[in-house]
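S.K.: These are the residues of each chain, in order.
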Amino acid sequence: MSAEGKAASAPKKWLLTLDTWAVLAAFLAALLIRVGAFKHVPW
Amino acid sequence: MADTIALPQVRPAGPAIEFLRIIPGVLLLAAVGYAGKLLEKNVGAYAKAHHWTFPNIEYVLWAILIGLVISNTVGVPQIFRSGVATYDFWLKAGIVLLGARFLLGDVLKLGGVSLALVAIEIVGAIAFMTFLGRAFKLKPKLSSLLAVGSAVCGVSAIIAAKGAIDADDEDSGFAIAAILALGALALFTFPLIGHGLHLSDHAYGTWSGLAVDNTAEALAAGALYSDAAAKQAALTKTARNAMIGFVVLAYAIYYAGRGQAKEVGNKALFLWQKFPKFVLGFLLISILATYHFFNKDQTAALANLSRWAFLLTFAGVGLRTNFREMRKQGLRPFAVGAIGEVVIAVFTLGLVIGAGKLFGF
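Chains as they are written, first to last, in the working numbering: chain A, 1 to 43; chain B, 1001 to 1361.
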């Protein structure tokens, strides 16, 4: 394998998966709305 | 050979650099999505003012079309690619927030029916795709990847299965390209068929969730029909996604038994690692909404926030679909995927119509 390939396939030291980050981000947004930090989200 | 060339050591970027890298692409997603929203509002109004007969095109389709045009003409420049790839993050965050619009009773009732249909769809799709792969003499692991992708949840399932059954990069590339190309076609054909058959929002949403393989495309196909159909498509697709661990585990055990993949050690841990966590997030938000943790205004704010997240997702669906790249992957896997998808679409349509008569969709 090339050096580039090795670097690309080296495991990243992320503690959480993207899936879990998405859940945490959604919960944080829900919490901020719940405590009134954002009262209205327009559409 | 590349192995013999001394290349400078590439140091992995830190989280701050990674974060900065995604900003241009996220801004592009937002710009494309917002342009879609503006076009929906203004094109319709312009056509009406000039007495033109012009169909009302939803922001979803505009966003996808703008993305497709960019991706297939000038292409997406390198600087935007990391950020465009975050469309999956926005999709999952949007589905979790969408949980606020479902009461737990609805989830259990509709999810229960959806789960029964999902189980039938998974068994039927795996059996048919495996048969088709053999008939077209595809490599067994490529057939398995296509079967997993079309039975469960598109790209995520293929990536999960690839690692578990030690499949080649080339095979997973074929399978992902076939599933994405067919998902793109479904975006344009499913709403037409749904309107042609006068399907209810509920029946159409269930069908999209069952038959369209990638979650982003399933949701977009639902949203192109109606908001209620998008909700139902998300619920059905989420029920389908929840099965990913079980199907991938079964394939891993099958290939390990034949000495073609690593043994699965702790099966419970394997299931947990493969289980999509956003399904749990969706259920938890739904439970909170059911027990009035959020008031009416807060629920509306959460629903709108999920719409914004989906807006970025739909822009990403168009931007990452490149037909030229897909064509390079070859015709046979695409043919197997296409035949399989058409049969699965007809089969699931029959299931949905049958279930609709039984459960009154």
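For the record, the hints were derived by calculation from the structure and aren't laboratory data.
Among the clues, some could well be false.
What the hints assert, rightly or not - Below, a list of computed lysine-lysine pairs in the DSSO-like style, where the Cα atoms sit at most 27 Å apart:
{"no.": "1", "chain 1": "A", "residue 1": "LYS39", "chain 2": "B", "residue 2": "LYS1041"}
{"no.": "2", "chain 1": "B", "residue 1": "LYS1296", "chain 2": "A", "residue 2": "LYS39"}
{"no.": "3", "chain 1": "B", "residue 1": "LYS1262", "chain 2": "B", "residue 2": "LYS1139"}
Since this is a predicted model, take the numbers as computed values, not measurements.
S.K.: Could you run down the list of hints and mark each one as holding or not?
M.R.: Consistency of the hints with the structure:
1. LYS39/A / LYS1041/B: Cα-Cα ~25 Å, so holds.
2. LYS1296/B / LYS39/A: Given that 27 Å is the threshold and the Cα spacing comes to 11 Å, the pair holds.
3. LYS1262/B / LYS1139/B: OK: LYS1262/B and LYS1139/B at ~19 Å, within 27 Å.
Going down the numbered hints, you'll see the structure goes against none, and every one checks out.
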